[in-house]
Each structure stands twice: as C-alpha cells, then as structure tokens.
Amino acid sequence: MKVSYRWLKDYLALTTGPAALAEKITRTGIEVAEVTQMSAGLKKIVVGHILSCEPHPDSDHLNICQVDVGQDEPFQIVCGAPNVTTGQYVIVALPNSRIADNVKIKKGKMRGVVSMGMICGLQEIGFADSVVPKEYVDGIFVFPEAIEPGTEVYEALGMNDDIIDLDLTANRADALGMHGVAHEVAAIESLTPHFENIVVTESDVQTADQLTAQVADEQLAPSYHLRMLQNVTVQPSPMWLQTRLWNAGIRPINNLVDVTNYMMLTYGQPLHAFDADALMGDHKQIEVRLAKTGEKLTTLDEGEHDLTNEDIVITDGHQPIALAGVMGGLNSQITADTKNMIIEAAVFAPTAVRKTAQRHNLRSDASSRFEKGVNVADVQTALDAAAAMMTDLGNGQVTAGTVSPTNLVPTDKVIEIEADRINRVLGTEIATQTIVELLERFGFGVVNTDNHLTVTIPPRRWDIEIQADIIEEVARLYGYDNLPSTLPTGDMTTGALTTEQKALRQTRHTLEGAGLTQAISYALTTPEKARQFTLVDSALTVLDWPMTQDHAHLRMNLITGLLDDAAYNVARKQTNLALYEQGRVFLKQAKAQVRPTEIEYVAGLMSGERQIKTWQTTAVPVDFYTIKGVVERLMATYNLTAAVDYRPTQDYPEMHPGRTAAIYVGEQLVGFVGQVHPAVAKEYHLKETYVFQLDLAQILALPTSSVTAKPAPKFPEITRDIAIQVADQVSNAAIVSAIKAKGGAYLCSVELFDVYAGSHIDAGKKSLAYTLTYLNESATLTEEEVNLAFEKVVAELVATFDAKIR
Amino acid sequence: MSLKEQLENLQQKSLQDIQKVVDLDALNQIRVEVLGKKGPITEVLRGMRDLSNEERPKVGAFANEIKRDLAQAIEARKAELEAKKVATQLAHETLDVTLPGQPVKKGTPHVLTQVIDDLEDLFIGMGYQVVAGYEVEDEKHNFEMLNMPANHPARDMQDTFYITDDLLMRTHMSPNEARDLENHDFANGPIKMISPGRVYRRDTDDATHSHQFYQMEGQVIDKNITMADLKGTLEYTIHHIFGEGRDLRFRPSYFPFTEPSVEVDIACFRCNGKGCNVCKQTGWIEVLGAGMTHPNVLKAGGVDTEVYGGFAFGLGIDRFAMLKYGVDDIRNFYLNDVRFLNQFTQEG
Chain A
-6 MKVSYRWLKD YLALTTGPAA LAEKITRTGI EVAEVTQMSA GLKKIVVGHI
44 LSCEPHPDSD HLNICQVDVG QDEPFQIVCG APNVTTGQYV IVALPNSRIA
94 DNVKIKKGKM RGVVSMGMIC GLQEIGFADS VVPKEYVDGI FVFPEAIEPG
144 TEVYEALGMN DDIIDLDLTA NRADALGMHG VAHEVAAIES LTPHFENIVV
194 TESDVQTADQ LTAQVADEQL APSYHLRMLQ NVTVQPSPMW LQTRLWNAGI
244 RPINNLVDVT NYMMLTYGQP LHAFDADALM GDHKQIEVRL AKTGEKLTTL
294 DEGEHDLTNE DIVITDGHQP IALAGVMGGL NSQITADTKN MIIEAAVFAP
344 TAVRKTAQRH NLRSDASSRF EKGVNVADVQ TALDAAAAMM TDLGNGQVTA
394 GTVSPTNLVP TDKVIEIEAD RINRVLGTEI ATQTIVELLE RFGFGVVNTD
444 NHLTVTIPPR RWDIEIQADI IEEVARLYGY DNLPSTLPTG DMTTGALTTE
494 QKALRQTRHT LEGAGLTQAI SYALTTPEKA RQFTLVDSAL TVLDWPMTQD
544 HAHLRMNLIT GLLDDAAYNV ARKQTNLALY EQGRVFLKQA KAQVRPTEIE
594 YVAGLMSGER QIKTWQTTAV PVDFYTIKGV VERLMATYNL TAAVDYRPTQ
644 DYPEMHPGRT AAIYVGEQLV GFVGQVHPAV AKEYHLKETY VFQLDLAQIL
694 ALPTSSVTAK PAPKFPEITR DIAIQVADQV SNAAIVSAIK AKGGAYLCSV
744 ELFDVYAGSH IDAGKKSLAY TLTYLNESAT LTEEEVNLAF EKVVAELVAT
794 FDAKIR
Chain B
1432 MSLKEQLENL QQKSLQDIQK VVDLDALNQI RVEVLGKKGP ITEVLRGMRD
1482 LSNEERPKVG AFANEIKRDL AQAIEARKAE LEAKKVATQL AHETLDVTLP
1532 GQPVKKGTPH VLTQVIDDLE DLFIGMGYQV VAGYEVEDEK HNFEMLNMPA
1582 NHPARDMQDT FYITDDLLMR THMSPNEARD LENHDFANGP IKMISPGRVY
1632 RRDTDDATHS HQFYQMEGQV IDKNITMADL KGTLEYTIHH IFGEGRDLRF
1682 RPSYFPFTEP SVEVDIACFR CNGKGCNVCK QTGWIEVLGA GMTHPNVLKA
1732 GGVDTEVYGG FAFGLGIDRF AMLKYGVDDI RNFYLNDVRF LNQFTQEG
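In the order they appear, the protein sequences are chains A and B.
Positions -6 to 799 (this note's numbering) are the ones given, in order, by the first sequence.
Positions 1432 to 1779 (this note's numbering) are the ones given, in order, by the second sequence.
Check before you lean on any hint, since a few could be wrong.
Lysine-lysine pairs mimicking DSSO-like chemistry, simulated, CA-CA at most 30 Å apart [said to hold, decoys possible]:
#, chain 1, residue 1, chain 2, residue 2
1, B, 1571, A, 581
2, A, 584, B, 1571
3, A, 2, B, 1705
4, B, 1537, A, 680
5, A, -5, B, 1705
Reference listing, derived: stretches of chain A covered by chain B, where coverage requires no fewer than 3 residues with Cβ under 8 Å from a Cβ of chain B [as the list claims (entries may be wrong)]:
#, segment
6, 161 to 174
7, 293 to 303
8, 418 to 431
9, 462 to 468
10, 584 to 598
Chain A stretches covered by chain B per the calculated footprint, using a threshold of three residues with CB under 8 Å from any CB of chain B [what the hints assert, rightly or not]:
#, segment
11, 481 to 489
12, 496 to 506
13, 567 to 575
FYI, nobody ran anything at the bench for these hints, they're computed from the structure.
None of these values were measured; they are calculated from a predicted model.
For every residue, glycine included, the Cβ atom is placed at its ideal position computed from N, Cα and C.
Go ahead and model the full structure; you've got the sequences and the hints to work with.
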C-alpha cells in the first residue's frame, strides 16, 4: 500500500515528518519498505506552452516547436512525439536538466535543427508505464488545463508528495485503505482522525424500478449492494484525482472508473462499475452465482477465461459480466459513451476470490483486498461516497435507494481481559490506566472494572479476535523496544545432544579429519539419479507438482549428489576431490508404503590425487585402498561389537564389478565401497572415481563394546615375517583368517606389508608378505614358543593355499 | 736441569700443544702421549729415585699437580672442540625454513553446518534439546496444528511441494514444535527445544531463492514465560552470531502461529544503519521472526493455555550464513564448489 503523506494530512493534524513517521510506523507494527518522493533527483523540468509546431524539413516524424517556458524568448525544441500540437501545455526538460535515471538533457541539434531541451512523456520523468494514462503512454503528457509556463511541474503532477510504501502483513488488510492507515497513524501519534461526512443527493427515480438483484447463495456474497447513476458524462478526472491515483500505483482511466478506484484506496473497499446499457433487458437483472462449467468471460484486460463451477460470477441474468471481486467483463465496461451505470459494493467469499484470481492468473487490487477481508461497516459508505463523487465529476443523477439482496450488519466485538494477564505475558509492569490509554488510542472502547478490562473493537479491526490480539496491540503501542530483556527462568532443564546426534557429529569430524570436505547437495533430483547406487530396493517418492523435472524425486542414495558436485568441480578444473555428505535418503521398502522412511546415510567420494606432488613427494593417485582406509577409520570409531568385513560384490550395477566391496558388520550389510563403474562415471564426465555409502542409522543401532582399560604390555613382543606365493584368486582376507585361526594364543597381530606380482613370480601367482607379532602378556616369550606357533601357521598356509614360502 | 724444571718445561710444552690441536683425534693422541704410562711425565718421574727422601714427595706431588692440570686442560680443550664440531655439524644441517611444510589434509565442515553447530551449542548451553523431525511431513503438523487451517493462503500449492493431498516436503521447521507439544509431558519439566533442519519451498532457484534451504525453529513452553524472555533470548542469540555491539530493532509482525509476533532487524553490516544497497536504503536487515505461541497452536498440541504459554522463533540458517560471511548467492551453498567450501576453515 502506497500511502500519500499529503492525503494522510487530510485526516490527521500531522506534525511528524514523513521519514520519522515511517520509522514510527515500522516500529509500531507495519513495516515501511521505503519513503520516496518522485521529484527526487529531477532538475529544471518545467511547464511549457507550445506556441507553434511545424514539421521538421528533413524528417517525416519530427516537429519543430516554439515553446514558451516562462523566459523572455520562446525556446525552440524538436519533438518526435506523435501527439504534439500547438497550444498544448507540456512537460519540458530544459537544457542542463536532469530527468529520470539520472539522465542529463543538453542543448543539441536534431537533423541540423537546434533543440533547447526536450518535451517529455511521463515515463521520461520517472513514472511507471503501468500508471500513465493510456492516451499518453506512447507520447508526451499534456496538462488538461493552462499552467503558468516556466513553473516546475512537480507540484502539478503530485511529485512533491512523500509516498510511504507499507509492506502489509496478511492480517492487516484494514490498512489497505487510507482511513485504516489514518486510524493506525492516529494511534501512533495520539491524534484523532477526521473523515468527511458523505451525503448522496438522490433523484426521484427509484433504483428498484430499474434494477433487481439476487445472490444465489449468501455465502458467495454475504453483503451485496448496487446503486445506479443516470445520464453521466465520461471524461478525464481532474488532476488532483489523477495524481492521487498514480501516486498509489493506479492508472487513471476516466472520471467514473477513477472514482471507484479512489474509493477503494480511501476505504479499502473495492467497487465495480458496469455500463447499465450493456446489460440485457430493459429492466436490469443482476445475479451473483457460481459459474457453470463451459461458461466463458472476456475480462477488462481482454483475457479470455473458461470459467469453472468454483468461480463466482456476476451475470445480467443471461451471461457473466464480471468475475466477482477479481475483474469486470469487457462486455459491460464503462466506455466513453456510457450514459447509465451501476456501481457495485460487496463482500465476497475470500477463499473463492483468491482461488479464482489464482486460477485465471488475475490478481488485482480488488482481489487482494477481498481475499483478506474488508471493513463490513464501510461497504455502504464507500458506495455512497462513490455515487456522490461521480455526480460531482460526471454530472448525472443517482437514483433513489440501494438494491441490497444481502447485507451484513456490522457489529462490535467485545474481548474481556485482565490487565494482569497482559503484564504477565509481556513480562512488564504497565499500570492499568496506561493500558487503557494505549487501547483507547486505537479507538477501542475500554471499560476498566478493578483491572478487568472490557475492550470493544469496531468492525474496521476485524483482525482482532482473541486476548492475544489485545496483548499485541498493547505491546506494539507501548513499544517492543521498551519491553524488558530477560532469559527464561523456571524449572532447570538439561541440554545435551542425544547419542545419535553425537554420533552424527563424530562421523562428520572423523571424515573431515581424513581430509574429506562436507558437501550439501539437493535432496530432490531426477528419477534416474534417485534410483542409482541404492543399498536396498525401494519405490520412488515423487512430487505431485514439481517446479522442474530436475528436482522432482526424493533421493534414495547420497552418491549421485556427490557425483553432481564432483562433475561441477571437475568442469572448473578442480580435480583432486575428497567430499562427503551426511543426510537422509527417502525409502519406501514396504508394499503400498506412501510416506517414505527417512534414513540417515553417509557417503564419500574421492578422485584425482590423494597426495599432490610437492617439492619433497611425488603425486599419489586415489585408489580403492585410499577410500577403503577412510571407511575403515570411520567404522573403527563406532566401537561395534561384531567385526567389520569387506566382501567382493557385483550387486551394484553402478559400481565397478571387480573393485567394489560390500561392507558387513557381522552378517548385516551396512554399505559398500569401491570404484564407480567407468560407464557411469563417464555419464557424469568423471574419470576414475571412488565412493562409499553407509546406512548410518543401521550402524548406530548395532551393539557396541565399551572399552575396559588394560595396562600397556610389560613384556616384549616378538615378530616373524613371512612371504608366501599363492594363486592370484586367493584373498588376503582368507589368508589372514587362516593365520589367525592357527596363530596360537600369543599371536596378537597380522600386518600385510607387501603385495607383489610380476617378474620372479610365476604367472597366475602373487606374493604376499606379512608380519606376525606375538606377545605373552604375563611372561617373556621364548624363541621356541614363537617358532612352534609360527611353524603351525606356515604348515597351514602350505596345506590350505598351496602356498610357496619365499 | 732439575726434575722440577723438566716437569715445568714439559707442562709448558704440553699446554702449548693442547691449545694448538684442532681435532679431537689429535687431542686424544696428546692425552695418550702426555699422560700415558709411556709418556714424558712418567719418563721424568723415573728420575725420582735419584732424589732425596725429602724431595721425592714434593716432586711427586708437583708431578701429580701437573698431571691434573694437563688432564683438565685436555678436557677443557675437548669440550671446546666438541662444541665446535657440533656447531659445524648444525651449520651443515641448516634448512631453508621458508620451504613449505608437508600438506596435512583436513576436510572442512560445510558453512551451513558450522552455523547450525554453533547455534546448537549455544542453546544446549541454555538447557535446550535438539529435535530433528521429518523432512516429509503431513498437513496436520506442517499447517493445521500451526493455526493454518484448510484454505489458509500459506497452504497454497504454489509454495509447497506436495507428494499427496496429505503429504508434503516440510516448508518450515515449525512442525517439530507441534510434534513436541503433542508428545510432551509437562511432568518432566518445561519444553525448551530447538530444531535445525532442511526445508523446501516451491521456488525457482536464483541468487536469493532456493527450493531447498535450512531453518532453525525453537520454542520454550512453561508456566511463566514472557515476551521479555523471548526478547532476551533473541538478543543473546543474535549478538552471539553477529557480534555484541550490533544494534537490533524489534518490529511487530504477523505469523499465523504466534501472537504477538515480532521480527528482528540488525543494523546493516555494510552501512551500519545509514542506508545502502545491501539494506535497500533502510539501514536494517531482517534476520529473524518470532512471537508468543498462538493459543490455537497450544490447544492443537493439547496444552492447557490457562496454565502454559511460551514463545517460538524461527531463523534462516542460509540467511545467517549469507549475512555473516557476505555470501551473495544462496546457490553457492548447494553447488559445493570446493574452492567455495574450503574457505570456511575457521570453525565456530
């Protein structure tokens, strides 16, 4: 809502200036987006009187004008506007003036003819296209009456007014009219607003004889009123009215339509005007009803609409003539030839208006007011005021009486509240008398009976409904800045992360410690990406009405997000990547499951070099064992009771069939780690890329072991190295497990320290070397004990794997 | 030359040799030569048998004295030479300490996570619990229980990603307040909770809009919670994040789930209140919305509004991060360009 400071002064004896008032309004409850003055930044723009206008000899569209700009001699100005002609009073930007967007105008030549400035259209001095009267949109603006040449144009065009732009919240539709704003400012400034009394002079013709109206269902239009005007003259509105409209962001059209808009701005009550002669029949019949499927209406903006049976329409008994509360029909609009007209003031069902405006993409000043509600007490007042002003500006006669098929009787609301409750909620100690005074400033009636307040709310504040609303009114006028500042007291509570929350944080810290940076990707993705890299079978969750197909499906894995991130980085030459993401996937594993189960996962991605080339070291590329090391480190932090086991798998079609391990804890599958299938990586424009993905929720639910401290060993360890040659397909895990099985009581660790295949090794064979460490925690081990144990291991390896000891 | 004189000469000469020697091996040789059994002192002392009984002990004592002196001189010289040797060695070992160290890799937590962790720690310190909730919510918790009944404008399809008529991607973190109210037993004490998490809006992604972003809601419900408590809590939070000295402005506002409602602005970072492009000439930047929990919300959660009341607040994590670090495009948070992510290395 753009509020004219001058207009406000019609109602209030304001002493606070516009900027200071704006800050007060903001702090009291309605945020002011900005305060502007249209003339700001403009310079040397004056009224000019065109004395003569001759075609330019070297142009088919330019004219050479002699313009009286209030100086001794007329100025010669070349003008290209199609509507320029002798005798007009126009806007002239003098040489060295400044017009909109900080553009400077200088004396110049146009096709060889000197031009002392420019004759301007309204857009050129800062007006929006949308508010410029239609006849001046493509040309210069012409003042409707003579103004002393040389006078600055700002005053005549309303550009010196301060416009306070209110950013209204949904509940404050009462301030969508100047009267409502005046009440609000009156409360802030402790003033009393004064409004003009409206008197309508009626003719002898009875409205009811000319017109009948009905509302099919009272719910559609609980208050519906029509007046009629006869023998009106359609003409442009006076400048004062036009300037008020365009300062409020509304385009002046003609005197009759302008009055309906002016009353909407005054009372917040949208009005509509029909050309009575455009309606069918001699006796006019207006009906408010739901549209029938198949009915059509062309609205004022010339848009054609197929109506639905949820749209409320106004009809003339035969066909729709308006979309109720949204926009009128082209078939009944006020034209230059209109003689007789009908004005409508109503209250329409808010939700229906909102949905109709949405459905037909027709949000208007009227619909935005109807959907938030209007002041029931001012419906008839706005109608009367419009009729009165129309006869002032357009002659004609108002017929006698209002046709009102439905009517809402405005009633006050009464809210009871203890003064003490207000203070208890606010944490204040405001005296009851002060509370009463604060509420009275809003124009509410207050009766104080032993600190029990009976507050009477007029209909214009339909947002006030419950005690909490009263508390807010007191608080905001008292000033939020004046409230004390404390912290909650009362029963102690303990704040702490849950075990799961701690584990999630620890997971992140471990991965960061391993060099992985946290990524946060989009959870909504394409169906293809949602389905890739899934740990378990699951149905897809799909948005009903997505914004784009790229973000229409809920992810069922975290890896595709990381691959997208990697692709984004690689495209920007960032190829050494170590990323992880911790977040939820959305799975529907049960039959007919509708609401997906949200499961915490963690995934990682590594590619490029794990160690970059430095002056001391050579570059080392990421490989399977790099990322497996990260996973092993991470898994170790969970202290799981069961052993973690990595088993070769070909179950994941997006993964390299020979370089992927399924991760088991005991016999429970919790994730996988490996290389992305080169074909899949290629789809993402990636080279060799390694990933892992773990079902964290499942891991965190597994049994854990707590640590019981042991002293550091007192006796020395003894180590034995062994290198064996075995067939290629024998796995390290099998060998380690065999060593451990036969290692004896003192074997405490088996570490692989070399893997080799190639020259000196038989084809199809590989060599593995291990260090076996023995320790007796209660005595010094003897060589004999170790040798004995070691020989058993050697024998086992030879027997089981046909190992050749090297 | 008397024996004594011989000894004196010997001493003189040996001392000179010791001072002249420059390496430890040579010094050791001198030690063996001078002090050894076959050395000159021993040689001289052989002549003692020709001395009188009276003189013999004197010369003997003198000889021992010289032996001791020389031994000391050798030790001193040895220490000197060793120090020199170490110094030479160290000089030889000198490195260019300006060469870079071996890189130690450390991943960076996402800047949004850093803001969340910071807020979580702050509120945990004030006795709050952290609640997670569901990203896929139902209408009941996302809207209905929060005083947004059917046909409420906030429920329009335009703004919400619906999955079915009843299921949707949560549009804010407030559903967790409703869930907490629903489940809480006040016999266990008051409600003090925060809930940071991911929310979704049906928006086209651009510099200031994202279809996915993060919010944090919080609420306190107890017997005597006041709006002053809300104000104090918000001041504490905002000052913690944005710095102590920053001016705040509390402005009445409207949310369906709170009454009275408030929005909090902080003095603009760039212009500190004078007005600039960042604050759209207002001097203020909005950072947070809050209010006293609406009675309809309490009632929907089965809370007795005669006994209990409290406050709720909500803030945008992305917005906080953008303001705190001067990020001008929200998409940066979700594109995961490592050059962007890795600059936020200073945690907390």
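Against the structure, the hints come out as follows:
no., hint, result
1, 1571/B with 581/A, "holds (21 Å)"
2, 584/A with 1571/B, "holds (24 Å)"
3, 2/A with 1705/B, "holds (28 Å)"
4, 1537/B with 680/A, "holds (23 Å)"
5, -5/A with 1705/B, "holds (23 Å)"
6, 161 to 174, "holds (count 4)"
7, 293 to 303, "violated (count 0)"
8, 418 to 431, "holds (count 4)"
9, 462 to 468, "holds (count 4)"
10, 584 to 598, "holds (count 4)"
11, 481 to 489, "holds (count 9)"
12, 496 to 506, "holds (count 5)"
13, 567 to 575, "holds (count 5)"
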